[in-house]
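Q: For reference, the chains in residue letters:
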Amino acid sequence: MSKAKDFKSKRLSADLAGTTGGGSSRRTVIKGIGAAAGAAAIGLHAPFVHAAEKTIRFLNGEPSRESVRAMRFAGAQYEKETGIKVQMDTIPAGKAFEKVQASIKSGRPYDIATLIFVGDVLILADEKKLVPINDLIKKYDWGPRILFPVKGNNYWYPYDYNLCWINCRQDLYDAKGLKAPQNWDGMMSNLDALQGTGENQLPHGIVHPIGSNGATNYTAFGYMWANGVELFDDNWNVVLDSPEMAAKVGEYLDFMSAMTKYMPPAPAQAGWANLVGDFQTDKISHTPGTGRLIDTMNVRMPKRAANVGTFLFPSKGGDKFAVNHGYDGWVVLDTAMTDEALKFLEWFSDEHLINFLHTSPVHYQPTRLDIYEDPRWQAHPDLEQFKHITEMQKQVLSDKDIIIRSIDTEGPEVDVRAGKVFRSYALPEMLQNKMVRNMSNAECIKTAADKIRATVAG
Amino acid sequence: MRGERVLYSIFSVAIALTALLILYPAYHALELSFQDLDSFISKPVWIGFGNYADVLAMPEFWNALGRGLVFSGTTIALQIVLGIGFAMLLDTAIPAKPLVRGITVLPYLLPTIIVALTFQWMLDSTVGVFTQFVRLFGYSYIPWGESGTVAMTVVIVLSVWIWTPFVTLAFLAGLQAVPGELYEAARVDGASAWQRFWHITMPQLRPVLTVVLLLRAIWMFNKFDIIWLTTRGGPLQATEHLPILAYRKTFEMYEVGQGAAVSAISFVILSVLILFYFYFFPLDEKE
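Protein sequence lines correspond, in order, to chains Y and C.
Mind the numbering: the first sequence is residues 91 to 548 in the numbering used here, read in order.
Mind the numbering: the second sequence is residues 93 to 379 in the numbering used here, read in order.
Hints are computed from structural coordinates only; laboratory data are not their basis.
Positions of the beta carbon are idealized from the N, C-alpha and C atoms, including for glycine.
Each hint should be verified, as a subset may be incorrect.
Pairwise CB distance ranges (calculated) [to be verified]: (1) Arg-198(Y) with Leu-113(C): 48 to 58 Å; (2) Lys-536(Y) with Val-364(C): 31 to 41 Å; (3) Thr-350(Y) with Phe-316(C): 46 to 56 Å; (4) Pro-374(C) with Lys-536(Y): 30 to 40 Å; (5) Thr-245(C) with Thr-371(Y): 28 to 38 Å; (6) Pro-239(Y) with Leu-174(C): 57 to 67 Å; (7) Gly-340(Y) with Met-150(C): 50 to 60 Å; (8) Met-150(C) with Asn-528(Y): 20 to 30 Å; (9) Met-180(C) with Thr-350(Y): 18 to 28 Å; (10) Gly-158(C) with Thr-350(Y): 50 to 60 Å.
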């Protein structure tokens with residue numbers, strides 16, 4: 091027996107002897123051991139023990155390698171500074187709400203999570219699963235149509251606008267002496283000028299997916315928003331087929347139908363891959379999309395990325411312009427770590443948000459107005475190179491004649507009903523009925539409006 | 093005695109796993125179908141058969157049921173016919189038999205997502221291989237994203253392509269158990285090839301056919317992945333069957349109760365069909 095073991099053994103014997111020898115019964119000893127074990131067990135859950143092992147669970151919805159790396163770096167930095175670990179799980183943003191629900195049901199909710207639908211935020215807020223972040227939000231100036239407060243409270247921290255506009259081949263525009271179109275006639279004329287087999291021409295003009303999918307919801311309706319179309323009135327009545335709106339929607343449907351001759355065959359079969367792939371491989375001269383296209387091209391084909399021009403979706407008459415809204419943000423859940431999560435989010439917001447935004451600099455359009463003036467953000471070389479695009483992004487936030495809309499944010503206030511309409515694909519179906527089935531405008535609009543009514547009724 | 097104890101222990105583990113992974117989730121889904129809730133975290137409100145009444149009143153439910161029957165019926169019939177045909181071919185004396193048999197199984201080994209994505213690109217209206225092929229005949233592309241009939245045909249063809257090898261393997265195993273003497277005797281008696289197939293092969297394959305038909309019916313009626321990954325139920329719901337309707341209601345339309353009700357009804361329909369099947373085609377020949 092080693093000396094240490096011998097010492098321990100002797101000491102234990104002495105302790106026991108002392109106890110029993112002091113007149114205590116065997117029962118007392120057992121009780122004492124039980125009490126000590128109980129106290130030890132309780133002690134394991136005591137706050138001071140937890141403090142040493144605090145972990146913030148963060149559900150990241152941006153799976154690109156650079157974004158994950160930036161988030162992990164921030165987490166490691168935070169742990170170094172505070173001793174609190176940030177455990178990062180990453181999932182495609184479209185699946186985040188399901189993951190958040192599963193985490194809540196399993197009893198281990200995330201402390202911070204990425205969400206991409208305001209309807210999801212509303213459901214979580216209504217179920218009191220989120221905590222308001224009003225104080226944090228008040229610290230900054232925000233752009234328009236991005237905070238989506240719920241009953242006066244801010245439950246989410248939006249980090250990018252994710253706006254969809256039209257990208258075009260600026261080199262071809264310059265060669266042909268074309269200007270960004272100011273109305274639908276101008277758009278048609280540009281598409282016509284750039285489509286063909288001649289010099290400075292490409293086989294097709296533009297691709298607009300019209301199938302029942304997210305790509306259509308996100309990229310096909312900019313012209314409709316620019317033309318002043320709204321889906322609901324202030325009381326959530328569907329007004330798509332009202333005389334005023336039906337006329338505007340009819341114009342939009344005719345315009346989309348007329349653009350078919352400038353699209354590659356089968357727009358109903360097109361998706362995200364075509365939007366990017368057809369543009370990069372010289373099949374089309376225009377494609378709707380976000381800054382992600384430019385960031386991606388800038389990595390793989392920088393010379394071509396430098397030749398990308400952008401413009402907003404014009405209206406028929408050219409009096410208004412629009413972009414389709416994307417938006418992404420973070421929420422803080424009501425958990426044992428809420429206070430720590432709030433502190434982390436504030437720290438991240440001040441110290442690392444710009445680093446994160448720089449991982450896809452043109453795509454992650456800041457939602458906070460102060461960031462546009464921040465030298466740290468401006469310092470990224472890509473933002474200098476694509477200044478014409480960031481200027482356009484800034485203009486979208488300040489120009490009252492530019493409309494920012496999307497299906498899932500339609501209606502007088504934040505509501506799950508708009509999210510249901512987004513996922514019912516009533517509007518993509520309206521396009522398919524027009525462009526594939528050749529139904530009349532009135533029939534297309536009525537069918538879509540009826541489906542939206544049935545969807546929101548529920 | 094010890095053997096029995098081991099047997100019961102293994103049996104208990106199997107029962108416990110079934111209860112945990114199948115019975116409880118099924119019970120939970122059934123429970124959800126009687127509740128009104130927007131999400132899995134919403135406070136449930138008990139509404140009895142309200143969801144069932146709503147679902148049964150929806151035209152999209154009946155349309156989805158009809159499409160599901162067309163999809164499963166057609167794919168099963170084609171898989172069985174082709175499976176028997178390929179099995180008989182592979183049972184004959186063909187050159188490089190082991191290699192040919194191995195290649196036959198390949199589609200079944202591929203992950204569904206790979207098959208779906210590959211076919212999508214092969215059908216792409218601009219660069220797809222099939223598109224280039226149909227252009228030789230004057231067509232510009234295959235309109236699988238525009239025509240409901242074409243889309244349904246595409247998912248049926250894909251399903252048959254992927255899962256026929258399973259049926260082929262099952263029948264090949266069955267064919268190898270048929271005694272050669274039966275065919276010899278039939279030949280001596282002057283039976284034609286068709287008569288040998290109909291009066292010897294088919295009766296001998298009947299137990300395999302019964303099981304394969306049952307399994308394929310269950311799998312194809314509930315088949316979700318290949319349709320979702322290829323068409324997502326479109327165009328204009330032309331390939332949306334009950335599993336996709338249930339998924340969309342539950343995970344996209346914030347109607348968890350209705351989605352669960354669609355699943356429950358789907359389960360009942362399948363169970364009734366299986367009961368009828370067992371009644372007409374009992375598995376135990378001895379009875």
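Q: Name the hints, by number, that the structure is in violation of.
A: Going through the list in order, the structure violates hints 1, 3, 4, 7, 9 and 10 and respects the others.
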